[in-house]
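There are 2 protein chains.
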Amino acid sequence: MRLSKTFIKTLREAPKDEISKNGALLTRAGYIHKVMAGVYDYLPFGMRVIENIKTIVREELNKIGCEEVLLSTLQNPEPWEKTGRFSDQEVDIWFKTELASGGELGLAPTHEEPIITMLKSYISSYKDLPLYLYQFQTKFRNEKRAKSGILRGREFLMKDLYSFHTSEEDLNRFYDEVIVAYDKIFKRLGLGDDTYTTFASGGIFSKYSHEFQTFLPVGEDTVYYNKDKSVVLNKEVFEPDVLEDLGISKEELSETTAAEVGNIFKLKIKYSEPLGLKFIDENNKQNVVYMGCYGIGISRVMGVIAEKFADEKGLVWPEAVAPFKYYLVGIDEKGIKEAEKLYEGHEEEILFDDRDCRPGEKFADAELIGVPYRVVISDKTLMKKSAEVTDRMTGKTKLVPLAELKKSF
Amino acid sequence: MRLSKTFIKTLREAPKDEISKNGALLTRAGYIHKVMAGVYDYLPFGMRVIENIKTIVREELNKIGCEEVLLSTLQNPEPWEKTGRFSDQEVDIWFKTELASGGELGLAPTHEEPIITMLKSYISSYKDLPLYLYQFQTKFRNEKRAKSGILRGREFLMKDLYSFHTSEEDLNRFYDEVIVAYDKIFKRLGLGDDTYTTFASGGIFSKYSHEFQTFLPVGEDTVYYNKDKSVVLNKEVFEPDVLEDLGISKEELSETTAAEVGNIFKLKIKYSEPLGLKFIDENNKQNVVYMGCYGIGISRVMGVIAEKFADEKGLVWPEAVAPFKYYLVGIDEKGIKEAEKLYEGHEEEILFDDRDCRPGEKFADAELIGVPYRVVISDKTLMKKSAEVTDRMTGKTKLVPLAELKKSF
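Protein chains in written order, with our numbering: chain A, 1 to 409; chain B, 1 to 409.
As the list makes no split between identical chains, a pair holds if one copy fits it or if it spans any two.
No farther apart than 30 Å at their CA atoms in a straight line, the calculated lysine-lysine pairs in the DSS-like style are these:
#: 1; residue 1: Lys229; residue 2: Lys250
#: 2; residue 1: Lys127; residue 2: Lys9
#: 3; residue 1: Lys127; residue 2: Lys341
#: 4; residue 1: Lys285; residue 2: Lys120
#: 5; residue 1: Lys334; residue 2: Lys127
#: 6; residue 1: Lys16; residue 2: Lys278
#: 7; residue 1: Lys9; residue 2: Lys120
#: 8; residue 1: Lys187; residue 2: Lys227
#: 9; residue 1: Lys16; residue 2: Lys120
#: 10; residue 1: Lys82; residue 2: Lys127
#: 11; residue 1: Lys63; residue 2: Lys341
In short, the hints are calculated from the structure, not lab data.
Model the full structure from these sequences, guided by the hints.
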């Protein structure tokens with residue numbers, strides 16, 4: 001992409017009410033635009049990061065046999081009333097609205113009830129199971145406070161996966177497969193070193209659920225971890241009986257803050273029973289379908305990555321999610337000409353700063369936008385038939401022969 | 001995709017309240033699931049059709065220099081109040097909701113006000129113009145009646161493009177470019193032969209706007225056309241002064257019904273003025289930005305294509321939007337073995353009916369699902385080292401040598 005051709009410009013200031021680091025930096029660098037607290041527009045750079053995150057998640061889920069669907073936002077109360085979740089007392093983050101033709105509707109904050117309703121047309125026999133369906137869909141949650149940029153949204157993008165099984169054993173098997181897939185996903189996203197499978201409350205249906213917590217100073221959760229971080233637990237289960245279960249003492253654990261980037265939950269028959277999602281088994285007997293649900297906050301992951309790696313100069317993207325791999329700057333007539341040549345045919349990987357402005361301005365924007373490698377071509381580097389390549393993460397600079405650089409594209 | 005591996009099954013019946021042909025067929029064939037009137041879930045086949053339509057639209061818009069963004073659904077009343085459009089008297093299809101922390105919000109039925117608000121951070125000089133930004137975003141419209149399947153949704157997918165200019169002349173230039181791009185889009189979508197640029201009301205700001213109307217028996221619009229269809233006009237402008245303008249007499253025109261698949265509009269300064277979207281021109285003078293807006297109903301286009309080509313046996317997709325190019329069936333041991341070989345490495349183009357059921361059932365589903373080419377491999381066809389290929393659109397069948405078929409993948 002040519003920077004001269006996009007409408008995006010870096011901004012000197014974020015909105016005054018944008019107190020989060022991720023919100024302020026992503027706004028200044030042209031990734032997002034704040035509509036109101038917890039609601040953002042996504043601009044071209046931001047859409048690229050979101051698409052990169054989605055691609056990684058999609059690839060890993062498809063590998064374990066998941067299928068993608070897209071469920072509606074507008075929700076009839078009926079199935080939610082059957083599970084007791086349409087009530088504002090039970091679920092306190094609903095946005096509700098009214099049909100012009102009469103009747104209350106809700107904007108889906110999650111999709112257990114709608115996916116069960118849909119699957120009643122498709123599941124009748126044990127031969128139809130197991131099933132694993134996921135979507136990338138905007139969720140709406142009426143949060144009272146939303147001051148954390150895209151870490152906590154009133155309107156945000158989530159990947160939600162639902163699994164359907166003939167038995168609890170099969171649910172357990174798939175649940176463990178998802179843990180492995182999630183580990184791969186967070187590793188690919190660049191969060192592997194700081195993201196831990198974390199014991200959390202399982203509610204009244206199972207002893208534990210699992211969260212995937214990324215250690216982060218501005219994280220909203222408090223977690224406890226042992227020395228080698230082989231045991232991490234959420235504050236909500238930091239209790240004597242749990243510690244005994246895990247065979248660990250209070251003294252071995254340290255406290256820190258973390259952001260929940262994923263969570264997985266054995267729902268069992270919590271929602272499938274009241275909604276009557278049943279199947280006929282091998283013995284011609286009717287049974288209730290077992291369910292699991294598995295979330296990843298896609299826009300939150302983008303915010304966590306922004307918070308995690310940013311430095312005083314701006315954003316720092318891991319290569320796998322970066323909107324571009326290279327930020328290209330040509331200096332002097334010859335350098336610009338050579339940069340043009342390098343850019344040709346690589347419009348997707350290179351953000352080419354072809355604007356008519358000072359190199360210093362370009363360098364500052366390169367750091368703010370946070371593309372992994374800044375490539376500078378000038379008279380000086382051309383004398384060595386090279387380009388100067390600076391790694392945004394380490395700050396290290398080296399001369400790379402142009403021929404070698406081209407091969408890396 | 002293996003039919004045995006997807007959760008999708010064709011259904012004998014659509015919901016009883018689904019009276020539209022597109023809604024009933026798309027439901028029975030497993031493309032969509034009805035949540036309520038005008039609100040649908042999209043299942044894997046349906047998502048593929050939507051993605052194919054989006055890809056064609058995106059490619060043609062990118063060619064004329066447009067950039068993609070994604071604007072939020074939740075809307076602050078403020079900018080809409082400035083243009084007078086938050087009022088239910090002015091815009092009667094709002095879904096509105098309440099913030100838990102206080103204050104009314106709307107679900108965006110269109111995005112002029114939000115895109116102008118966002119661009120106030122990015123447009124200041126004539127050097128920032130022209131700009132062409134589009135999105136694919138779910139729109140919410142509180143329709144009293146929604147009985148036309150995905151032809152008229154309460155929640156539906158739209159491509160909306162907005163252009164920004166220093167002058168009316170530049171707006172006119174781009175408006176004409178969009179007409180050319182739209183013609184290419186509808187041609188590629190398979191609707192070229194029946195879709196016409198149609199004169200429609202321009203409101204009080206320009207004499208005409210243009211709609212793109214696909215002639216269709218169940219279309220909700222009435223249009224008039226001359227013999228060679230070089231002049232097509234919406235009933236709303238079927239008036240003496242307009243006919244005089246177009247140099248055509250009432251007697252030369254015939255009436256028909258049509259579905260509006262696109263519309264384009266010169267907004268000029270209608271919304272940019274009240275919202276204060278201004279730029280500094282070459283003479284250091286402040287001016288209001290000129291705007292155009294250009295819609296294509298993505299999910300509606302899917303419904304129009306379904307309505308247009310379906311026959312008594314089911315759906316018929318033009319190749320460019322079809323969820324798969326081939327529907328593959330193997331008969332007998334040898335045929336199935338050869339079909340497996342053919343399928344390998346072509347999971348994206350082939351829907352492989354590898355279910356354990358009668359060929360007759362497979363043939364019926366092939367017709368209902370409407371994939372362009374049915375490929376049957378059996379002992380009989382293998383004797384001629386061939387497959388039997390049936391064109392869903394024409395119904396014509398021919399033997400095609402396997403080697404030749406493989407090359408066409």
